[in-house]
Amino acid sequence: MSTDTPASAPAESAAERYLAVQRSDEFAGLRRALRGFVFPMTVAFFLWYALYVILSAYARDFMGTKLVGNINVALVFGLLQFVSTFLIAWLYSRYADRKIDPVADRIRAEMGEVTHEHGPRG
Amino acid sequence: MNTVLAAEAGDTTARNLTITLFLVFVAVTLAITIWASRQTKTATDFYAGGRSFSGFQNGMAIGGDYMSAASFLGIAGIIALYGYDGFLYSIGFLVAWLVALLLVAELLRNSGRYTMADVLAFRMRQRPVRTAAAVSTITVSIFYLLAQMVGAGALVALLLGIKPGTTFLGMDADAAKIATIIMVGALMIIYVTVGGMKGTTYVQIVKAFLLMGGALIMTVLVLAKFNFNLSSLLGQAAESSGKGSAFLEPGLRYGVEVAGNSTQTFYNKIDLLSLGIALVLGTAGLPHILIRFYTVPTAKAARKSVLWAIGIIGTFYLLTLALGFGAAALVGGEAITAQDKAGNTAAPQLAEALGVDFLGGDLGGATLLAVIAAVAFATILAVVAGLTLASSSSLAHDFYANVIKDGRASERQEVTVARVSALVIGAISIVLSIFAQNLNVAFLVALAFAVAASGNLPAILYSLFWKRFNTSGAVWAIYGGLFAAVFLVFFSPVVSGAPTSMFPDQDWQWFPLSNPGILSIPFGFLCGWLGTVLSKERDEDKYAELEVRSLTGAGAH
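Here the protein sequences line up with chains A and B, keeping their order.
The first sequence: position 94 = 94 (UniProt numbering), numbered continuously.
The second sequence: position 356 = 356 (UniProt numbering), numbered continuously.
Treat the hints with caution; some may be incorrect.
Straight-line distance between alpha carbons at most 20 Å, and here's what the computed PhoX-like set of lysine-lysine pairs gives [unchecked claim]:
1. K243/B <-> K99/A
2. K243/B <-> K66/A
3. K405/B <-> K467/B
4. K99/A <-> K341/B
5. K300/B <-> K405/B
6. K243/B <-> K341/B
From the derived model, a few chain A residues whose C-beta atoms are all more than 10 Å from chain B [to be verified]:
7. D25
8. R31
9. K99
10. D101
Chain A stretches covered by chain B per the calculated footprint, using a threshold of three residues with CB under 8 Å from any CB of chain B [unchecked claim]:
11. 38-47
12. 62-74
FYI, nobody ran anything at the bench for these hints, they're computed from the structure.
No experiment lies behind these values; they were computed from the predicted model shown.
Glycine is no exception: its CB is placed at the ideal position from the N, C-alpha and C atoms.
Next comes chain B alone, as it looks inside the complex (with noise of 0.2 Å):
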């Protein structure tokens, strides 16, 4: 079985390939934005792409948007190393797709117009409100940029074959990281200032598309050679992981149970619930993810987008399953951690091995790893977009129109600030991913959830259904979230005190769980009932206009 990637074998095929696929993605990305920039003039065409997408639309770009790098790679990888934990990831990435069906989409639709905080501020007093939901705002979409980014880099020299000691166009692996992350950065910025919306939704469509493409067809190709037999599979990749039955039950991974410290297992453990709460709840807090559902017309299309989204993010989550197994059974772990120890580049590996039973020796091997190593960056491109979007959207609606302007801001000047800003997020972003590159900073998507989810879940869902909620307990909720989250996961093993911590060699941990939503997101909604009764402020009338809005879409935008 050939199990090195073709490219460090020195085989300059796959790579070549990459780049022209890859080129053709970012060519007709390009053109789609440059057409949709001539469909932008009006604020709600550059915030919300004219509210014109069709729920199908939506909810492939939904999938597109949600879908990253830690989906596709990281999962796949997850599995391939460690069975069946990966798939617990899935599942808490699916299930919270329901909080969002049920409880937020449709009410969010019908009150809010282009931000999170249009919804959280409805009935407070503005500013307080509108600047806090920008700090988080900006904060969940800066971690999670920064993971997709810094992956982003470390993949294109794994997947280019870049070696320590060999140079790719005269640079070598650390040079082409820093130019990939720049070459990422750019063409996000891009899509965003000249695409807006329309532009990056279209992106974010078309490599669904593409990725539900890629995963489908090496699913059935694993499956083939197990003549579909799903058990022959999974005995096959438990006996090449060495483990055995061990790698299709939950515990190589999450919650795992160390013999003779019964202290370190008990931590393990409710990290595990820990990491499933934060899952299920974080996706309806993701400022980039509630953006889109104010890009369809109604909240019956709200609703059809989200059930659009299920249905293709479940599918593709089954798909991973296969890949993941697939890879531990036809790759193998020692082949994946050779090249890269977090198993990123598993799926990619198992797409070379596919390739070359399937389609035909060495040069079937390149073209399909070719083909998945392109739709890979397609996915980081379609992700970080979204974010850009989201995070510029509300600093140039929330803080600068309604804290800097008061409101009084005209639309013309309203875009201009949100494509300056997305110019400077991006710029930021790429300086801080170039300073992050050497450092593990995959745990950056697992805090972003949890900031979600401590934060703006509890500010969303108090605003959408009680009565009392006001100006302080919204401001409570969302600092009191994001504050403990973040000061949990700074004093944890996953910034410092452990060989794989962010800082290796530094130690000031005494915080026992990797993942702080167990106690931060209780804390969160504490924060915004203790705000709120301990402010006098009440507006009953404008709960009233809210609550009516919301849930007959009158007036709605």
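Isolated chain A, as found in the complex (with noise of 0.2 Å):
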């Protein structure tokens, strides 16, 4: 166990520095910061899959609709769900490098190494 953080009195046990780690600003930072981003994310994309299949179901006239030549709303519709599942894809990696791994990165290296045995038995 590693003594450089203050936080850390030598007969701390780990889960008390684990305990100590949860309540502290720091990682109350790092769970808002990927709950407030991937919780509503994932609302709006289920949502957003949601009204296709909705309206694949229910409003076959309007997915019919032709735009150009061949190609009807349903084409681009779902065309448009790769087109945003691949952006969310891109934000997340972006929005993740930026405010996520730097924190994480952080409280992992303040926490020094923990050791195995503490963890999952497995």
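The two chains are supplied separately, each in an independent frame; assemble them into the complex guided by the hints.
Here's what the structure looks like:
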């Protein structure tokens, strides 16, 4: 167990360390940063996808509207699902690189090497 | 237009070339497997490929693991026969990756070690949770395996052009089917027992490149045929289908409107929504996909894997759109259903038609057909190997090491048991597939997704994000979701009571939907919640450890 962080007294158990980290402001910020992005984004893409499936089931005239030549709304809507998936993946990767990784790395470094013996049996 | 498979026309060129290419693939992958076995010494090597793969490599392997014959041949076939509706499938299969990317991949990588259950059992009592996870993992994997292996058997008879009354190497079509199932089973057992995760991963990477290469070449040829004008390709497909512009709209296959029967129409549309939900929520609960995240060193690499996977899988599904509509336009629905009613031979038949046009005559057709047929076999092999690995890992690591041995098995014992498990699971799959070979088991892929979404996903999400979640909740979620999905499907038209059922001559059907997800997924989440609040168990210390580890990667294996 490392001794370079002020929070860790030598007698502190691994469980207490994890609790202390979990209750720290820095960790709360990391949790907020992650959940603040992934939860709303999950709701958004799920609703967007649900809209597509529901229109495919119940709004066939609209989906069959021709836009250019034989290309109709259904095809464009479907392709937009690809575009949104690629876009969300790219946005998340950019967000995680900037807002999540640095904080996670810092907390991990502050904790020092945590031994595996308290981990899950496996 | 040549619309009959060359092999069926008596041409042995395609058959010989298919077999040669397939043998080359087998030889190369076996060489890789033997090389990988020399690098496989520890349990981490066997289960997780030593966590030595890069994000790019793992992303390609995920693609190879995920893009099954159901994707390549199945979706292209549905588009070729029913038009737009096949695209609905592709979209569900792709969007699903956002669940894995945003909610599961990195947290799982940080807090688990070898199996899905490592995360589920992290803060729970080991035995009940690991038992439930092993049951679910093996059930999902076997369903998936059966669909792939039975499909492989049928495909070989078709692609080698073994008709009733003719023989190949002394085998008639039925014997050739059984021989194929045994051969596919034997190869997957060898890949897994000898090569472990490392060997399996390389097989999947090689397959991903072959599949992308094959699909890309065919797509370019299809588009070239229509002067790279998508609209005229669609127009020709719609015209050849005889269904006009309805072919380019949803509704010919899923959510079908039955004239004069509003009840059936209502159920068909609910069934479409149900399928859509299961597709998008199932992927992040498939054990053979989840264990792939353990093959990279860090959570960041796990994220990169999913990004690459989304790229390759998304591109592939865009290509299947061209392949499906291309087959409809250039081969035609009649010629496809003459070969296979479900349309699974649409892509190979398209390859032949394109070969005739672009490479010159029947020889060209035979060549391209052989290439695509060999790619299809490679596809099946890579997927079944991944499934066998996932189920044998769970049997050895979850059930043997942590339930039977109570966590006191040595690494060497565990890996030996994993190898034996792969052999046993492979043998069971071979036997079950032979029994099921003449049954319509294509629905098993959708059922595997439904079980994964109903049982595994609720347990994973509650584990990672809900402090109060406990042993009882995890066990209830897994068994509840698994049971609900299997129960509803058992009484659905895919099992009995319809001409396309698994047992068309029996009728115990009362549940009107083919896809149980719309009920079984909420039921799984409800069970997980109810099981949790009915139990007093709570362990805030362990949740603190799980949360800190999963978000920061501290103490990660």
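Verification of the hints:
1. As the CA atoms of K243/B and K99/A are separated by approximately 52 Å, the hinted pair breaks the 20 Å bound.
2. With a C-alpha separation of about 16 Å, the suggested pairing of K243/B with K66/A holds against the 20 Å cut-off.
3. For the given pair, K405/B sits about 29 Å from K467/B by alpha-carbon distance, which is inconsistent with the 20 Å threshold.
4. Between K99/A and K341/B the alpha-carbon distance is near 52 Å, which puts this suggested pair outside the 20 Å criterion.
5. Restraint check for K300/B and K405/B: the C-alpha separation of about 34 Å exceeds 20 Å, so the hint is violated.
6. Between K243/B and K341/B, the direct Cα distance comes to roughly 18 Å. Compliance with the 20 Å bound is thereby established for this hinted pair.
7. Separation of D25/A from chain B is adequate, the least Cβ-Cβ distance of about 14 Å exceeding the 10 Å criterion.
8. Not every beta carbon of chain B lies more than 10 Å from that of R31/A, the smallest distance being close to 7 Å; the non-interface claim is violated.
9. Every CB of chain B lies more than 10 Å from the CB of K99/A, the least distance being 13 Å, so the non-interface label holds.
10. With a minimum CB-CB distance of about 6 Å to chain B, D101/A fails to clear the 10 Å threshold, and the non-interface call is violated.
11. Proximity of the stretch 38-47 of chain A to chain B, defined as three or more residues with a beta carbon under 8 Å from a beta carbon of that chain, is established by the 5 residues found.
12. With 9 residues carrying a beta carbon less than 8 Å from a beta carbon of chain B, the stretch 62-74 of chain A meets the three-residue requirement, and the given coverage holds.
Of the numbered hints stated above, those contradicted by the structure are hints 1, 3, 4, 5, 8 and 10, listed in ascending order.
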